[in-house]
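J.: Sequence:
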Amino acid sequence: MGERSRQPNRNPPRLATPPAARQGERLTPQFQALVQAFDAERAVISDGQVDEVDPELVLVFDLAGSVQEFRNAIQYVEGLEFLSEFLDEDSEPDDDFHMSQQGTRTDRKVQHSLYLVMSNATAVTQLVSLFQRWQESPDITFQRGLGRFKAAFSQLRAIRRWGAEDRIRDTGLLEVWRERLAVAGQSISTLPIEVELWYRRNEQQRASAEESLTGLIVNAGGRVLNRAEIGEIGYHALLAEIPVQQVSSILRDGASAVELLNADEIMFVSPYTPMSVAGPGADPTSNTAVGGAGRVEGLPRIALLDGLPYANHDALAGRLVIDDPDDLGITYPVAARHHGTAMASLILHGDLSRPNEPLRRPLYVRPILQPHPVFAGHEVVLENELLTDLLHRAVRRIVEGDGSQPAAAPSVRVVNLSIGAESRALVRRMSPLGKLLDWLAVKYNLLFVVSAGNHFNSPVTIPAHAARSAETAAAEAVKAARATSRLRGILPPGDALNGLTVGATHADDGADPALPDSVWDLLAPGAPALYSAVGPGVGRSIKPDIYNAGGRALFERPLPKDDTEDEVALAFARTGLSGPGMQVAAPKSGGVSDATVFTYGTSNAAALVTREADAVFEALERGPLAEEDFAFPDALYHPVLAKALLVHTSTWGDQEAHLRDLLALDTNNARRELTALLGYGSLRRERVGTAATNRAVLIAGGSIGRDQLHTYSIPLPVSLRAKAEWHRFTVTLAFFAPTVGQLTRYRGAKVFFERLLDKDTGGSRIDAEHNAVRRGSVQHEVIEGARALVFNEGDALPIRVECMDDAQRLRAGEMIRYGLVASVETAITTSATIHDEVRTHLQARARTQARPRLQQ
266 MGERSRQPNR NPPRLATPPA ARQGERLTPQ FQALVQAFDA ERAVISDGQV DEVDPELVLV
326 FDLAGSVQEF RNAIQYVEGL EFLSEFLDED SEPDDDFHMS QQGTRTDRKV QHSLYLVMSN
386 ATAVTQLVSL FQRWQESPDI TFQRGLGRFK AAFSQLRAIR RWGAEDRIRD TGLLEVWRER
446 LAVAGQSIST LPIEVELWYR RNEQQRASAE ESLTGLIVNA GGRVLNRAEI GEIGYHALLA
506 EIPVQQVSSI LRDGASAVEL LNADEIMFVS PYTPMSVAGP GADPTSNTAV GGAGRVEGLP
566 RIALLDGLPY ANHDALAGRL VIDDPDDLGI TYPVAARHHG TAMASLILHG DLSRPNEPLR
626 RPLYVRPILQ PHPVFAGHEV VLENELLTDL LHRAVRRIVE GDGSQPAAAP SVRVVNLSIG
686 AESRALVRRM SPLGKLLDWL AVKYNLLFVV SAGNHFNSPV TIPAHAARSA ETAAAEAVKA
746 ARATSRLRGI LPPGDALNGL TVGATHADDG ADPALPDSVW DLLAPGAPAL YSAVGPGVGR
806 SIKPDIYNAG GRALFERPLP KDDTEDEVAL AFARTGLSGP GMQVAAPKSG GVSDATVFTY
866 GTSNAAALVT READAVFEAL ERGPLAEEDF AFPDALYHPV LAKALLVHTS TWGDQEAHLR
926 DLLALDTNNA RRELTALLGY GSLRRERVGT AATNRAVLIA GGSIGRDQLH TYSIPLPVSL
986 RAKAEWHRFT VTLAFFAPTV GQLTRYRGAK VFFERLLDKD TGGSRIDAEH NAVRRGSVQH
1046 EVIEGARALV FNEGDALPIR VECMDDAQRL RAGEMIRYGL VASVETAITT SATIHDEVRT
1106 HLQARARTQA RPRLQQ
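The sequence shown begins at 266 in the numbering used here and counts up one residue at a time.
I should point out that these hints are in silico values taken from the structure, not numbers from a laboratory.
Be careful, since some hints might not be right.
Cβ pair distances, simulated, as ranges [to be verified]:
no., residue 1, residue 2, range
1, Ala896, Gly559, 24 to 34 Å
2, Pro671, Glu883, 46 to 56 Å
3, Ser513, Arg398, 32 to 42 Å
4, Arg443, Ala543, 38 to 48 Å
5, Glu334, Arg425, 33 to 43 Å
6, Ala836, Arg466, 18 to 28 Å
7, Arg287, Ser394, 31 to 41 Å
8, Arg625, Arg1065, 52 to 62 Å
9, Glu354, Arg1065, 50 to 60 Å
10, Trp991, Asp592, 58 to 68 Å
11, Arg625, Leu490, 37 to 47 Å
12, Val483, Arg287, 30 to 40 Å
13, Ala836, Gly450, 43 to 53 Å
14, Glu886, Pro671, 22 to 32 Å
From the three backbone atoms N, C-alpha and C, an ideal C-beta is built for every residue, glycine too.
All chains should be modelled from the sequences, with the hints used to inform the complete structure.
T.: Take a look at the structure:
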C-alpha cells in the first residue's frame, strides 16, 4: 500500500466499561421488562391464544461507543433483524462508562450508538440466555457468529423498546404543530404527516406493515395521501393526514397518548412541510440588456429540477428544454415563476450585473415546484408528493425514461438542486433525500450540485449594546452564527456525501449601492454569508464542500425598544429592486420579457457552480490541444473529475486569519472548527478549467477496487530546484462512494491518498483539518511554503491512490470511479515555464499504467 506519513497515536483514549457483575445488576431488570412487554403484546393481539402468536417489537441497543460488525452478529440470532444504526447524543462520563487514557480517567464525553433491531419473543429469550451466560462467565466462547455480543453486553448502557418519543425526536413535529395551530386556530381539521416505516427485508413484511399502519391511520379518522418505496436506500414512507383532535391529544398528553405513535412499524413521524421558496419580494424592473446572445446547439448537459421558468424571457428564450409531465404550466401563472426563472438565468448567464457568455448547450428543466396555494409569491413542492420519491422519479425519467416513455435527456451529466428542506437540518442521521442522491450518483454516474440551504427564518441575535455600530454588530453577528451552528446546519439534500454541496459567500458582481443609515452591510466581501447553512456533514465530513458567491445580504439596523432589552435580532433588508445581490431574470405580468431583480442565497451559489461545471466539461470534452499530449480521461470519469476540479480551485484565503482572530479560536482546535465553517473554501472561478505559465494542472481518472493501489507522479519542474521561493502543491481526489443507508458510518468504502510529506514538498499543509478531509468523498490537500526543493532532473512526486473497505466489504470486482487533480505552481516572478516544463516531461515519458493528463 502507499507510504504512511503520520504515526498513529499509540495511546489513544479508551472506553472503560463496568464488569459483568455490575452489568447484570444494571441490565437484568431491563431484560425482564422486555420479556414482560412481549408477553403483554402477545396476549393482546392473540386475544388469549398466547401460543399461536409471536409479536414483533423494535429493540434499542444503547451502546457506549460502537461495536464493529455487531450488526452481522445480530443476524445469527433467529428472529432478530438488524434495522438501522443511529448516533445518539454524547453523555457525560460516570463510574460505569468513561474514557481512560493510560489508565487515568478523563473528562471526555462518551459517544453513543443506537442499534435498532426487530425482534420476536423467541429471540429475546435467546438474548436473555446469552446475557446470563456471559454474566456468569465473561470469558465464555459463544458459538460462531455470536462473539460480538460479548463486546455489546460489556458496552450496553440500556436495552429497551423503540418508543413514541423516539419516533418524533429531532423531527420538529411538536414545534411545527404548535405553530400551525397557533396561526390557524380552529380553521383546520387535519394536519399532514410524513411517516417513515422500518424498511423490512421481506416484501411481505413490508406490505403487512404498511397495511397495519394504514388501518391505524384510517381508524384514527385520517387517510393516506401517498406512499413510496425505494429499496436501494431502504426507504418506505407514507404521506398521511390525521385529525386535529389527535394532534391536540399528543400535544396535551404526550406522544404515547395516541395509538398511531406507538406502532412498532414506525421509525419516524415528521411534519409534512413541503419544501418551499419565497419570491424576491419586489416587483421586477425592466432591463433591456438581458437578451441572450450566442447560438444554442447540442444536447442538454445540465438538468435543473426546480420551479417552472418563464421560458419567453429574453434571457431564456430558445435556451430551455422544458419537460413538464405533470402539466404544471397550465396552472402556473407567469408572474409566479420566480425561482426557476432565477436559477435558469444564473446557470445560463451568471450574474447579469456582469456580462458573461451564455452556455452553448440548452438547459433541461423539469419543474418539481408549483405556486403555493396560500402564500402569494411562494413556490412549493408538488402537492401531496413525497419529495424523495418525486426526485427519484424525476432523475430516473431523465436517464432511463418513465413507463413507456424513453429517457427524457440521457445526455445530462450534471443535475442542479438549488433547493433545501428547511424543516429539518442534519442532526443524527442522513436524510432520505441525501441517501437518494448518493445512490443515484453511483448508479447513473451523475454530478449533483446541491445548495447547502438557507436559514432565513432563523435570525441572528446579537447583544443590544452591539447594535450601536456596524463594526461591533458585525463581530457579534459572526460569533452568534457560530454559537448557533447546530441549529443552522446543512439542509437536506445538501447532506449527500457524493453531491457537491455549495454554501454562499457575501459576494456578487453588482455595484456598491449608497446605503441609508438604517441599513447595514455587516460582512467583508467574500465572507461566509450569515444566511448560509454550515457543517459538518454526516460522520463529521466536510460540508459544504465549497463556497461560492451567493449575493450580498444587507440588514436593517436594529433599534432596541428600551434600555432593558438584552438582545436584538438582525432582520434582512429588502434589496430586490436596487441591490446589492445577484441580478437575475424575473417574470413579470403584462408580457414584459426583460425584467430583472436582485436576489441572494445558497441557491444562487449552487447555480453558479453548476455553470462552472459546464466549463469544466467543455474543457474535458475538448481534450488536449496537441496530438503529442496524452488523451484526457474517458468520458466515464468526467462527472467525478468535474467535482474534483471544482474543489481543486477552492481555498480559505484571507478568511482563515479573519475568523480565527474574530472568534478568538484556540490554536489547537482552530483548524477543526474552521473546517466546519469554511469547508474547502471559496471557489476561484478564474482558475476553473484553465492553467497558466506558472501553474501546471494534471488530471487522471480511474476505477479502483478493494485493496488496490494506483500510483501517479507529479513531474518536478527544474525551474523550482534549489529555490527558496513561494510555491504550492495541491492534490484533490473525488470519488462516488457506495453507501450503506442503515448505518451511521454510512460510507461503504473509501478512496484516498496519503498526504504529501513536508520534506518532499518544501512546505506545510494549510486549510482544512487533516482528519476531516478523509471522511467524505473528496480529499483536498494544499501544501505551500518557501523552503528550497532538492531533487534531480527528471524526479517526480508520487501520489498513491488506495481503496479500502469502510462500512462494509466491497464485493469482488466492484470498482469505484474516481478523479484525481494535482497542480504545482509558483509566483510568476519565480518561474513562467512550469506549465511547459511539466508538459514536455509528460510527453517524453512512456507509461504502462493509468497516468495523469496535462490540463490545457
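J.: With reference to the structure, classify each hint as holding or not holding.
T.: Cross-check of the supplied hints:
no., hint, in the structure
1, Ala896 x Gly559: 24 to 34 Å, "holds (29 Å)"
2, Pro671 x Glu883: 46 to 56 Å, "violated (26 Å)"
3, Ser513 x Arg398: 32 to 42 Å, "violated (49 Å)"
4, Arg443 x Ala543: 38 to 48 Å, "violated (22 Å)"
5, Glu334 x Arg425: 33 to 43 Å, "violated (23 Å)"
6, Ala836 x Arg466: 18 to 28 Å, "violated (51 Å)"
7, Arg287 x Ser394: 31 to 41 Å, "violated (20 Å)"
8, Arg625 x Arg1065: 52 to 62 Å, "violated (38 Å)"
9, Glu354 x Arg1065: 50 to 60 Å, "violated (38 Å)"
10, Trp991 x Asp592: 58 to 68 Å, "holds (59 Å)"
11, Arg625 x Leu490: 37 to 47 Å, "holds (43 Å)"
12, Val483 x Arg287: 30 to 40 Å, "violated (48 Å)"
13, Ala836 x Gly450: 43 to 53 Å, "violated (26 Å)"
14, Glu886 x Pro671: 22 to 32 Å, "holds (24 Å)"
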